[in-house]
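Trainee: The sequence shown begins at 1 in this note's numbering and counts up one residue at a time.
Read the hints as simulated data drawn from the structure, not as lab findings.
Heads up, a few of these hints could be off.
DEER-style ranges, computed between Cβ atoms [stated by the list, open to error]: (1) 86 / 236: 18 to 26 Å; (2) 36 / 172: 36 to 44 Å; (3) 250 / 214: 42 to 50 Å; (4) 282 / 1: 37 to 45 Å; (5) 182 / 282: 35 to 43 Å; (6) 287 / 172: 17 to 25 Å; (7) 164 / 268: 34 to 42 Å; (8) 283 / 161: 38 to 46 Å.
Straight line, CA to CA, 20 Å or less: simulated DMTMM-like cross-link-like pairs of lysine to aspartate or glutamate [said to hold, decoys possible]: (9) 125 / 257; (10) 125 / 182; (11) 125 / 177; (12) 125 / 232.
Ideal placement from N, C-alpha and C gives every residue a C-beta, glycine not left out.
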Amino acid sequence: MLSRTYRVVGPLDLRRTLAPLSRGPGDPTIRLATGRAWRATRTLDGPATVALAHVGDELRVEAWGQGAERALAAIPTLLSLDDEPAPIPPGHPLVAELARRAPGVRIPCSGAVLESLIPAILEQKVTGHEARRAWLGLIRVHGEPAPGPPEWRLRLGPTPVALAALPYYAYHPFGVEQRRAELIRRVAARAGWFEAIVDLPLADGYARLTAVPGIGPWTAAEVGVRALGDDDAVSVGDFHLPNLVAFALAGEPRGTDERMLELLEPYRGGRARVVRLLELSGIRAPRYGPRLSARRIDDL
1 MLSRTYRVVG PLDLRRTLAP LSRGPGDPTI RLATGRAWRA TRTLDGPATV ALAHVGDELR
61 VEAWGQGAER ALAAIPTLLS LDDEPAPIPP GHPLVAELAR RAPGVRIPCS GAVLESLIPA
121 ILEQKVTGHE ARRAWLGLIR VHGEPAPGPP EWRLRLGPTP VALAALPYYA YHPFGVEQRR
181 AELIRRVAAR AGWFEAIVDL PLADGYARLT AVPGIGPWTA AEVGVRALGD DDAVSVGDFH
241 LPNLVAFALA GEPRGTDERM LELLEPYRGG RARVVRLLEL SGIRAPRYGP RLSARRIDDL
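Please construct the entire structure, taking both the sequences and the accompanying hints into account.
Mentor: Right, dumping it as structure tokens:
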């Protein structure tokens, strides 16, 4: 076990900052509590588990596994420890109030592209329940125990090699049809090419992602807001987000991507944090009309 202590510049809400890295309740790759976090990840040096504890202006981190040293070195980037988040520009009074209430929410930068990309692909055009079932099933069957204390019961996601080697029909028990299964297999087979995105300028990284058939702006933004630390990422094409933004900022029960971007324009450069604050606010657009329903693999 290795350990390191970092100084934190400005407010930090550790749980809410790292929450986007969790794919719902029960995700065994990460555990979160107020001021505490436990996360399993894969690095270039091998698997690692980190345990983080935030007290005052210090962050204490312990790490296990072959990738422990690299995981420790990545913590300042993961949480933007060296820079206090830029103030949100003036605009809607609700956004100003949410920023005042939750000043420690930051956009994470995990640097782990596939760990964000694979779950994002699983979330394409299905319900959240279906996507979580698929992700947890893949981890349970094809993942492995993470390094560190066994009582934490953390697990690592499947390796890219394992995902690429699975035939498309091996994804069916997890509710994943051939289209998404083949896309995951293609992405996993070129893992190094995708992981190298973290070293590119953001525009080039997005261009590389969206050049792949099956990866559009929504999927790319979901990666950007988790793996690339993009403070301005907006998931255009999301099923719920335009309604949330339109209702919260304009009182309109339904919104479009165009209307969402119009309302977020005053916050360009920091739109991802504004979206995150709205998601955390508890505000929900009215629900009426048909809803996306869960389907069986035979229906896809």
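Trainee: Each hint needs a verdict: does it hold in this structure or not?
Mentor: Results of checking the hints against the structure:
A hinted range of 18 to 26 Å for the beta carbons of residue 86 and residue 236 is consistent with their spacing of about 23 Å. Between residue 36 and residue 172 the Cβ separation comes to about 37 Å, which falls inside the hinted range of 36 to 44 Å. Remark: the range hint 42 to 50 Å for residue 250 to residue 214 is contradicted by a beta-carbon distance near 33 Å. The hinted window of 37 to 45 Å between residue 282 and residue 1 holds, with their beta carbons roughly 38 Å apart.
About 38 Å separates the C-beta atoms of residue 182 and residue 282, a value consistent with the hinted range of 35 to 43 Å. Against the hinted window of 17 to 25 Å, the Cβ-Cβ separation of residue 287 and residue 172 comes to about 31 Å, which falls outside the hint. One distance hint, 34 to 42 Å for the beta-carbon pair residue 164 and residue 268, holds here, with the actual separation near 38 Å. Under the hint 38 to 46 Å, the C-beta atoms of residue 283 and residue 161, about 43 Å apart, fit the expected range.
Between residue 125 and residue 257, the direct Cα distance comes to roughly 16 Å. Compliance with the 20 Å bound is thereby established for this hinted pair. With a CA separation close to 15 Å, the supplied pair residue 125 and residue 182 stays within the 20 Å bound. With a C-alpha separation of about 11 Å, the suggested pair residue 125 and residue 177 falls inside the 20 Å cut-off, and the hint holds. Taken as a hint, the residue 125 and residue 232 pair is broken in the structure, with Cα atoms around 23 Å apart against an allowance of 20 Å.
Checked against the numbered hints above, the structure breaks hints 3, 6, 12 and satisfies the rest.
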